[in-house]
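Protein chains in written order, with this note's numbering: chain Z, 1 to 459; chain G, 1 to 459; chain P, 1 to 545; chain W, 1 to 545.
I should point out that these hints are in silico values taken from the structure, not numbers from a laboratory. Mixed in with the good hints there might be a few duds.
What the hints assert, rightly or not - Stretches of chain W that chain Z covers, calculated by requiring three or more beta carbons in the stretch to come under 8 Å of a beta carbon on chain Z:
(1) 458-464
(2) 479-490
Stated by the list, open to error - One side of the interface only, derived from the structure: several residues of chain Z facing chain G at Cβ under 10 Å:
(3) 129
(4) 210
(5) 226
(6) 294
(7) 297
(8) 303
(9) 395
(10) 417
(11) 423
(12) 437
(13) 439
(14) 444
This structure is a prediction, so every number in the text was calculated from the model and none was measured. Cβ atoms here follow ideal geometry from the backbone N, Cα and C, with glycine treated the same way.
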Amino acid sequence: MLLRHTTPKEIDRQALTINPAKTCQPIGAMYAALGLHGCLPHSHGSQGCCSYHRSALTRHFKEPVMAATSSFSEGSSVFGGSANLVQAIDTIFTVYNPDIIAAHTTCLSETIGDDMTQIVSKAHEDGVVPEGKHVIYCNTPSYVGTHVTGYANQVTAFVKFFSKATPKKRNVVNLVAGWMEPADMREIKRMANVLEARTIMFPDMSDVLDAPLDGKHHMYPKGGTTIPDMVATGDSKFSIGLGKYTTEDACILLDNKCKVKFEVVDIPIGLKATDRFITSLSRHANVPVPDAITDERGRLIDFIADNHGHFYGKRVALWGDPDTLIPLCEFLVSMDMRPVYIVTGTPGKPFDERMAAILKDIPEVKFMSGERADMFRMHQWIKQEGVDLLIGNTYGKYIARDENTPFVRLGFPIADRAGHNFNPKTGYVGATNLAIDILNALLDHRDRTCAEEKFEFQL
Amino acid sequence: MLLRHTTPKEIDRQALTINPAKTCQPIGAMYAALGLHGCLPHSHGSQGCCSYHRSALTRHFKEPVMAATSSFSEGSSVFGGSANLVQAIDTIFTVYNPDIIAAHTTCLSETIGDDMTQIVSKAHEDGVVPEGKHVIYCNTPSYVGTHVTGYANQVTAFVKFFSKATPKKRNVVNLVAGWMEPADMREIKRMANVLEARTIMFPDMSDVLDAPLDGKHHMYPKGGTTIPDMVATGDSKFSIGLGKYTTEDACILLDNKCKVKFEVVDIPIGLKATDRFITSLSRHANVPVPDAITDERGRLIDFIADNHGHFYGKRVALWGDPDTLIPLCEFLVSMDMRPVYIVTGTPGKPFDERMAAILKDIPEVKFMSGERADMFRMHQWIKQEGVDLLIGNTYGKYIARDENTPFVRLGFPIADRAGHNFNPKTGYVGATNLAIDILNALLDHRDRTCAEEKFEFQL
Amino acid sequence: MGDKKKVDLTTFKDAVLDKYPKKVGKKRAKAIINNDPDNMPVIQANIRTIPGIITQRGCTYAGCKGVVLGPTRDIVNITHGPIGCGFYSWLTRRNQTKTESDQDANFIPYCFSTDMQDSNIVFGGEEKLKQAIREARELFNPKAIAIFSTCPVGLIGDDVHRVARQMKEEFNNEVNIFGFSCEGYRGVSQSAGHHIANNQLYKNLIGNDDNVTPKSKFRVNLLGEYNIGGDAFEIERIFEKCGVELVSTFSGNSTVSSFEQAHTADLTLVMCHRSINYVAEMLETSFGIPWFKVSFIGAQASAKAMRKVAAYFNDPELTERIEKVIAEELKIVEAARQVALPKTNGKTAMLFVGGSRAHHYQDLFEELGVTTLSAGYEFGHRDDYEGRRVIPTIQIDADSRNIEEITVTKDEARFKERMTPDVLKKMEDALGKDEVEYNDYNGLMAQIGKGALVIDDLSHYEMEKLIELYHPDIFCAGIKEKYAVQKMGIPLKQLHNYDSGGPYAGFQGAMNFYNDIAMMVSTSIFKEIKAPWEREEVVEASYVY
Amino acid sequence: MGDKKKVDLTTFKDAVLDKYPKKVGKKRAKAIINNDPDNMPVIQANIRTIPGIITQRGCTYAGCKGVVLGPTRDIVNITHGPIGCGFYSWLTRRNQTKTESDQDANFIPYCFSTDMQDSNIVFGGEEKLKQAIREARELFNPKAIAIFSTCPVGLIGDDVHRVARQMKEEFNNEVNIFGFSCEGYRGVSQSAGHHIANNQLYKNLIGNDDNVTPKSKFRVNLLGEYNIGGDAFEIERIFEKCGVELVSTFSGNSTVSSFEQAHTADLTLVMCHRSINYVAEMLETSFGIPWFKVSFIGAQASAKAMRKVAAYFNDPELTERIEKVIAEELKIVEAARQVALPKTNGKTAMLFVGGSRAHHYQDLFEELGVTTLSAGYEFGHRDDYEGRRVIPTIQIDADSRNIEEITVTKDEARFKERMTPDVLKKMEDALGKDEVEYNDYNGLMAQIGKGALVIDDLSHYEMEKLIELYHPDIFCAGIKEKYAVQKMGIPLKQLHNYDSGGPYAGFQGAMNFYNDIAMMVSTSIFKEIKAPWEREEVVEASYVY
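Given the sequences, and given the hints that come with them, work out the whole structure.
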């Protein structure tokens, strides 16, 4: 047993988190910042934060993740990090020449109380921000919320620093992308294209974190929302936020700042969430839904119907982020699977409420969010009564092997497989991909563990 | 052991085929016929043929496969099947109202010597072929060649019965599709679209054998090459045949009949075969290759480079059809894998020659084609020295379990998994899918079989 | 729930026949019957399928090699012909088998073929077949080798029986070798193949081994059970638990040796009447082993089958044990049934498959409160519909006449009268006269409700019409029908191969079936077929303009 | 092959420094050196990274918790802080470990954190930490619990050492509990964390257990080996084969108990000088255990390391056994080397990683005929470059001054003089004076060729320039650099975690490395970067117009 110390006996933990289903704010800010074209994320704190975030993102994407750090020393921690940040801005623009530096704070700079507005003003005063270049920033204290919060804060900063309302509204819908894979964003843009909807997506990590190998390292790959597009979001007719936890704040600010009305829907994972997204986009972009999309939907339904017997009633344990877990559980239910154990380290009521609604017909369900809603607890539940499938990030592989349970990797980080940034999990096509992955995991397990006389040519 | 009687000791077999890597002509004809819009395939033979082919195709695609049969009785076998076919044509047009009936022969009707031309003439004379409707046919004796041959013969029949040269050539390239999945055809059309090349694909099973579930059964799904398009192939400027075994005959006939010059390339599986296809299409459609395609190529290269250590040197055994195996082995070699054992039941020199060239740097390679180049033999080779990966149809699962060897399903039939008609294996995107599948198979195996202390978070 | 649909099925025939060419319609009219068990109509069955009609049926080879011989594990089954027939019958029928040890022969995962080429068609294939047999022996060293003829074999004059004899001789009779003239064009469906298979089983295997050590006083054969999805395993479990020895099963999970000893049993139970009744009759004629029709499909049917065994052997200890087993099993089964019932009760089904299953599964559906609106066989004969009493009235047409009939006589040395009037009387006393069905089978029509549609050799067109007009909650047929039906939003249960479910026989099997049907009729995804933008009542989303 | 590239590296410095802001350039100039082993230059090392420069470096916490304590399996390592630090150091370093039985403690797959929230920052986190320790004990019942401080801990004044003492008391000293002041902002890199870790190992674990039953006369400690990819397993294998007892490894595949007994060994071998030389020195000062720098990276280096052990113990039997093992192993290794050599010989490499690996791996590359063009450390000090002789001349700056220095004195009761002049003399006679390196380390610059570029704390910009100007055949660094380098078509071998390869230590490891480097420099896909339509020489396809 790899996790040999995990027993079914739960205790009433008050302080210790074990095997978290979350990480800290700054990495979310760093990831989101990569979705702006020409942007270099900057971690205002000690070197370790930046190194850890870059490493974690790199392991997941198997792509270069460029970011700089204020390299705090003990002195900066005592006297404040202003000098470090100003020098960093100077160095970065001189050496790496981004269009934007997107700085975020850390628990260190937050604890010592660095005032980002003031420091960035000073940088401007000191003349280290070249003409036409931008330094944006957001506060991402690691001890508040999680990586999801950091992502939301960064995306909100995009709006704060760039979105601008001119007198003329354009028939464009903003798509505010929650935390998903580049392939997911690409797929959502593809669907919007098929609908002939005019949209601006932000952030947009496609063509950034799934870049071709062409013999050069592009510090600023060709993807990412451009500054003009980001500015123009203020003139859009409507915003659709994809994922409440990650995009609602940005949508609200855009409404307050530029009077762009909005609707927040789930990340379009699975049949119904995609239905809602397409319906919303169709309505607000004022375009009909073409047959090509209806056909993709029909192919998803066909796939589920064809393989329904393999899905039905299977008990699933999941961990990850609320914006992913909510539509994902809904999707599993629509396939007649039974999500029974769900944890997310990210706190917040909407998760609990949505889960209660989606899983109302599964009386044995256990779900939990926030502090100590961790993978150790979920594993304890599994020890109490097993499941047929695990869905979550790579950390689940230890449970999968110990419990001999099929495992579909989804979420962040995935450090032991590749391809998750190629094949989308959003939209009808993505839902089909997901259903295929689930089916393969279940059937591979069946083929591996069944008695020889039960080994089958057709399944 | 499931295949407990298979030992490493080969004998010099002269007559017995064991666990074939092929099946018979008519099923290929039936499959190809489904790629014409509004076409009902018809099996001229005893009921069993039609039933077997429909079942095999259905298991693979998990889709309705409609086809009719001449339902030979002992009497027809003695007196000839003319009456049966004429009656069948009458019944089919009356009840099922296709635009085309595509009849193919069987070993039975071939052995008794039914003359298809004469019988179909008689049907016309008898007035059972309604105005504007078509009966086409091809000869597919089961004792000559294999399912691959039947496919080629059917596709050639399309040209024979429909293609027509008018005085005006159009700047269109015919894409003659070899035996591949609907998703593969869809992907090739998508690439052609991105290139802005004007093309006609035939046959085309996309939107036929991957149809949405929409509450109705469409006898004739919306996909398939239309009759006007098929007629227009005679006016195209050029034909690109995808797969020598399956499309060369059709290309030659189109050249002879309508003076459409051609080039036969491999089915675009893998990097280099796709390079050749794109180059050919770009040249003959007279369109430049856009960055979007170059980027897809670069993403494939990136994926292989990122995961190269997992691929390098891995020994692979493969079975299937020559048009698939040739580019597939080339692709594996380009990833530094080692295809060591390859069998195809389909006879023909081009396979042997291409394999010898592609695998020239793998001295331990064994490959064989034609009679008794079967899976039993390949398994005997594996018993002599094991492999790291199996690639082929579902029949390989017995070897995979016995030898505890990772297994990627590819080819026909796949009866125990679903999704192969969703995700393409052609083009750069398809090659990436294939590489992902291979990687997952290898890493799943590693994760499952390694010692606990070697179980890794990152791979 | 529980709201049994009232469906008027009487208009179907008119609605459907119009579409056919006149002559075709006239023929089909005889195969489409509104049932009346009290005044049983005649149905047309086991006649040629009209060319072009899109039938469910397969061929004689499929019935012989695929169905009957397929489930045997220690015979090397060589298909003599082009590669296709062997290929398509390779592992495609879910015949499970379990050897006693890893060392025992199991050839089921192998496909053997002579892979005939054009030269073999032109010059004859006998030499190739002989060589193939030699190679099979060298590589696999089997007890028995069977040869199956495909269409061209008969036409070109290859004599597989002669080859079998010659090769047996060449091997000094160390290997039992026999052939089947099961060319695909014979007969009108798989049914001919069953018959051909039965004859050769009788001629070449049954009775070969008298050297038997009984394990129980109560020794039975089970005929017409092919171990799809593990059915035979469950039935074996029940027999074992009841202390009854299963001498042979034809042919699920079977061996050469079990066939060879079948004649030493004291009772034959017949599951699939259509495919195997010939063997049951021959066993009685030759050896005096009486046979009863039974079914292990359905918990009550299983109980009934075991009670028949008890009544026949008429041994108080056995009877007590069987009753105890039944009570024990039914208790668990009933609990499972109650779980499924709320989902299934009041639903409707249609069953079109095989030669017996379309009948047997009505029992299971009844246990679930599901009404069978319509049913029919793919390759049944009139007796399977109307009962064996009509056999004398069945006209033998040209297609059937070509199927070998063998003459069986009493085996004077080994014949033993078992079904004395006394035995029969006691059985009738115990079970009621109607239930005994000694040497009899009452057929599908006796069970299916009045007014239900009975259709033989259903065509694709008729199937679509049935669904369109009556939209049953579940449709049962085979793989060829499955996805067309499901495209219409109706779940289809394969009753040839159970999709990948099963076993469905016996008590455990009944529970599996309850679960699976409850699952199928409550499939959520079929409720989502229409996209929001295709529905009339699109619910307005609330958003902040 | 074999065509060694001639590369002129002298222009690099000028090419690269221009780009920086003037002050930055001036600083970097001191860290970029054209090596001259004969006239060794001074390199700037272990000083603050310039903000904004994109460094490879991490933080003190990473060095302490991640590197040194991470590989220990039976200590519950609790990160006191917000969740991130614990999360990122969870299973990310490929520290393999193998317990003797399934019942033994192994906490490596677990991540423990106090998961500090804003209220803990405002009101202090000590109580939460205490409760977390209680919960850890209840759930895991470990022998030892370690507490690691993250950035805010020091700032808000949580005293992890006091908490450790209090909790130890609360548990009646049944659990060994100790803390580390390894806040991320301390020092200039991971290096500070190693030092902090070393001090606490010494204070809290080393010397705790005198109750030892020796398994061999020859008892050694191995320091600075972290069992990445199983390196320690291979070294353990070699020691075992040679009959030498490995008392402790710091800290690959280690246990609390092995740390506690380290002081009973007679010899300390130091692999990673940078991360652990403090412990080696303390062991000598307190207990009289001499230490030598060794390396098990490279077959020859491994042989040399074992010969050092032989020379030190000076036992003829041991020496003979070690020589036999070396001969045996080298024979196999040489065969593997000859397989790889045709692919690798004449290639060039660059190594930028860690505090020792960028040096050690030059040996392996030499064995492959690969020239190291440029190398440097991520967190080395001047002594790692120039040799320990420069230690007295290193200026202690403010960043280093803040790292705890502990004073170690002779343990009068347990000190035992081992390195007598006689022992040293015999070693020098056996090995040659230069090879002994007693209490010494000659550093990277002594080995890397004349003119090679030595760069400390390489920046991303410098890395790209290096590749652009000199396109090495292989680049060695870490995960953050890997994919940027590979986008440029140059394979990158991670020397922190070996990608997913390894072990690379010892003899087996050398063979693994040969294979992997041969593989990487012959990666076919890098030859396909340009699409046909992007190449100048597009070969015309022949087709039939």
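Checklist entry - Which numbered hints does this structure break? => result 3, 5
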